[in-house]
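Trainee: Model the full assembly from the supplied sequences, consistent with the hints where possible.
If you want the building blocks of each chain, they are given just below.
There are 2 protein chains.
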Amino acid sequence: MQAEIITIGDEILIGQIIDSNSAFISKELNKIGVSVYQITSVQDDRDHILEALKVAEDRSSVVIITGGLGPTKDDITKHTLCHFFNDDLIQDDGVLEYIEELFKKYISTPISDLNRKQALVPSKATVLHNAHGTAPGLWMKKGDTAFISLPGVPFEMKNLMKNEVLPKIIKEYKRPHIFHKTIMTYGLGESAIANKIEEWENSLPPFIKLAYLPNLGRVRLRLSAKGNNNGEIIAAIEAEVKKLYPLIGDIIYGEEEEESIEYQIAKLLTEKKMTLATAESFTGGKIAQQITTIPGASSYFKGSVVSYATEAKIKVLSVPEDLVKKHSVVSEEVAIAMAKNVKKMLGTDFSIATTGNAGPTKGDSDAEVGTTYIAVSTPEHTFAQKFTMGNHRERIVQKSVNKAFELLLKEILKF
Amino acid sequence: MQAEIITIGDEILIGQIIDSNSAFISKELNKIGVSVYQITSVQDDRDHILEALKVAEDRSSVVIITGGLGPTKDDITKHTLCHFFNDDLIQDDGVLEYIEELFKKYISTPISDLNRKQALVPSKATVLHNAHGTAPGLWMKKGDTAFISLPGVPFEMKNLMKNEVLPKIIKEYKRPHIFHKTIMTYGLGESAIANKIEEWENSLPPFIKLAYLPNLGRVRLRLSAKGNNNGEIIAAIEAEVKKLYPLIGDIIYGEEEEESIEYQIAKLLTEKKMTLATAESFTGGKIAQQITTIPGASSYFKGSVVSYATEAKIKVLSVPEDLVKKHSVVSEEVAIAMAKNVKKMLGTDFSIATTGNAGPTKGDSDAEVGTTYIAVSTPEHTFAQKFTMGNHRERIVQKSVNKAFELLLKEILKF
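For the protein sequence lines, the chains are A and B, in the order given.
Note that our numbering has the first sequence beginning at 1, numbered continuously upward.
Note that our numbering has the second sequence beginning at 1, numbered continuously upward.
Derived by calculation from the structure, the hints in this document are not laboratory data.
Treat the hints with care, since some could be wrong.
Since the list gives no way to pick one copy over another, a pair counts as held whenever it fits inside one copy or between any two copies.
With a Cα cut of at most 27 Å, we get these calculated DSS-like pairs of lysine-lysine [to be verified]: (1) Lys-104 / Lys-386; (2) Lys-158 / Lys-399; (3) Lys-31 / Lys-325; (4) Lys-386 / Lys-326; (5) Lys-315 / Lys-273; (6) Lys-27 / Lys-73; (7) Lys-344 / Lys-196; (8) Lys-162 / Lys-272; (9) Lys-344 / Lys-315; (10) Lys-117 / Lys-196; (11) Lys-124 / Lys-162.
Mentor: Listed below in structure tokens is the structure:
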């Protein structure tokens, strides 16, 4: 069963926002056996939207449309749907009541005619309740194809998808099974992996597809299978994954998309009841921030000292001033002192420390842009490694954060 | 002049990655007067790619294709282009030489046949030099339409766009002028703003378009104009912006997309030679991380204490244990103590502190999920405000970070 996504809004086509909605919708549809054939981003223009709807109708059973449902003038999705369905807007009393209630409860400004207009819906539409905003979702049918219009605000869209759209698709359409498995690897490039698994790849059954997804020092291998028997396709993929381990087991760190290295670290530290602290210089708090994105982080993560300035390393982390003078602030010695001291300060089992120069200019030291030291301290020892991470600020930081998690995970696995 | 973008890769259509390339490409094309008509994401499937190429050819002068240029089996863009152009792959000696050089310099694994295959290009293509990877860009012409194929790795794609593609488009095509101006506002909702500026909006000249872009407590108003005389369209937009100030000047904090509140803070602190530190609990380092994303942060940002656990607030930030016991760790009093102490520790002029509960469960305090306190300390006083930020972990954190920057900016403006 095939779907497609149409995202509406000039802001996408002038590059002002990144369309993250489509990835979410695609992932959710895939989970229930619906493949997304195409994602099309079009302008806030009636004729263009109509053209995209027509093309989609001819090939897909479900068309999900996001955006253009706001209360302001540039939002034209509802009018365009009326044109496409030869329909008119009528007031939905339930929606109006709900909007009035929302305004009373949460919003300090008085309700306006513009807000009330959000209760106007095409007369042929089934209204989908938007529990988090004033623009309702709409479900309209043309032949066998359902056209589903959702607001572009990600939070509202996500809730509508989960609570209204997916249950309704599951109820109304018969779907095949799709199963994806993603093998997470680090430390080896795409083509080096391809060489190692060439024979295995060539012998994959035709209903299993393999894709390589490289990103900053990590490569994900995605296996996908589609079929009518869920048990069979899962078993087939699991069997293939098993054969992978003798070939590249040493570089595999997880088997699920969600199993980022951070998740692995979180899982292991929670299991082992061990704790972590970080001392970050040029990574500016990004390691702490990625750790605390994971719910439950408070059980193993104590905190971080983001010692961006050299004086913060000396004052807060008690790195001896002499050490900084002797070896420079970007050095193995300072990284090790930072890791040791933050571990002691916060009384944790493990710590990570970073010091380096992310550019664009040289900072408090003479280190070249891209030179970084990452230290890890464990209950048994402390070490630092030097890396050269290129000359692009954002990449230097992200690559170093990835590398820090990689080094830490390898140590945690020893306990 | 019209362009479109085709992104190739199953990973987009199963929602495994978010397509951020298209936003970058669109923004860059817009800057040189090329409008993007449509963005289409298609599967790693020859017929589907061919269909998308055909549709694009009939309506656009420039078609930018990303993805599917890797060395592995699932990458089929080059073969598909050969089919579309009735062409064959030949070896490009320059590219081969460059790949061999790259491997010698940077890559520890030996060069393989797969890597060497990246030097195969369609015979009719002009090769665009990829300074950061092994897959070259390709420029192919059919009638007046240029088909430009770029690797999907964002870093490689961006460099190819800037150094090869944009200069070539500028040289080969005549283009009109496009000018966008984005007015950044905070503290008022989309429809409340629309009410205040209704008359102004209705009197905009027809060649100026207005869009509302709301996001977590901030609304951006984007004005766009297209014309043949660059000076005229810029002047027209500037004249309209001037008229906006008497209507909503109090909620405008910037006039450029790049002028985020963080940038404003960075600019002001640098100008005033004043400094900042942060003490973060539930925001987990995100405030520090957003500050340090801005190049030059080291001149005003000293550091942050991410005191995630209560004991870190006591041990590192010297928040009195009694204060925590008496008022709870999520309280105005603790937020104020954190702000005061971090400011003193790092000797800065300003500080921000956060304490709260981002969920999903209650943490070290009894505070409801979503309850947060944000404190700001200035050279003159320290205060904290309480907020209720809903019940969605990620949103609680991001809304609080935004709010913290908003509160800080208002204080900095007083000095």
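Trainee: A separate judgement is required for each hint: does it hold in the structure or not?
Mentor: Verification of the supplied hints:
Within a single copy, Lys-104 and Lys-386 get their C-alpha atoms only as close as 58 Å, which misses the 27 Å cut-off; across copies the closest is 21 Å, which meets it. In the homo-oligomer, the alpha carbons of Lys-158 and Lys-399 lie at most 27 Å apart only across protomers (18 Å), although the nearest pairing inside one protomer, at 30 Å, exceeds that limit. Proximity of Lys-31 and Lys-325 under a CA criterion of 27 Å is satisfied in neither setting, with 56 Å inside one chain copy and 47 Å between copies. In this assembly of identical chains, Lys-386 and Lys-326 lie within 27 Å of each other by CA distance solely inside one copy; the values are 18 Å within and 46 Å between copies.
Taking the shortest alpha-carbon separations for Lys-315 and Lys-273, only the inter-copy value of 21 Å comes in at or below 27 Å, while the best intra-copy value is 30 Å. In this homomeric assembly, Lys-27 and Lys-73 come within 27 Å of each other (Cα to Cα) only across copies, at 23 Å, whereas the closest approach inside a single copy is 31 Å. Taking the closest pair of Cα atoms, Lys-344 and Lys-196 never come within 27 Å of each other, the shortest separation being 43 Å inside a single copy and 56 Å across copies. Within a single copy, Lys-162 and Lys-272 get their C-alpha atoms no closer than 34 Å, and across copies no closer than 49 Å, so neither meets the 27 Å cut-off.
In this assembly of identical chains, Lys-344 and Lys-315 lie within 27 Å of each other by CA distance both inside one copy and across copies; the values are 15 Å within and 11 Å between. Taking the shortest alpha-carbon separations for Lys-117 and Lys-196, only the inter-copy value of 17 Å comes in at or below 27 Å, while the best intra-copy value is 61 Å. Taking the shortest alpha-carbon separations for Lys-124 and Lys-162, only the intra-copy value of 23 Å comes in at or below 27 Å, while the best inter-copy value is 48 Å.
Hints 3, 7 and 8 from the list above are not met by this structure, while the remaining hints are.
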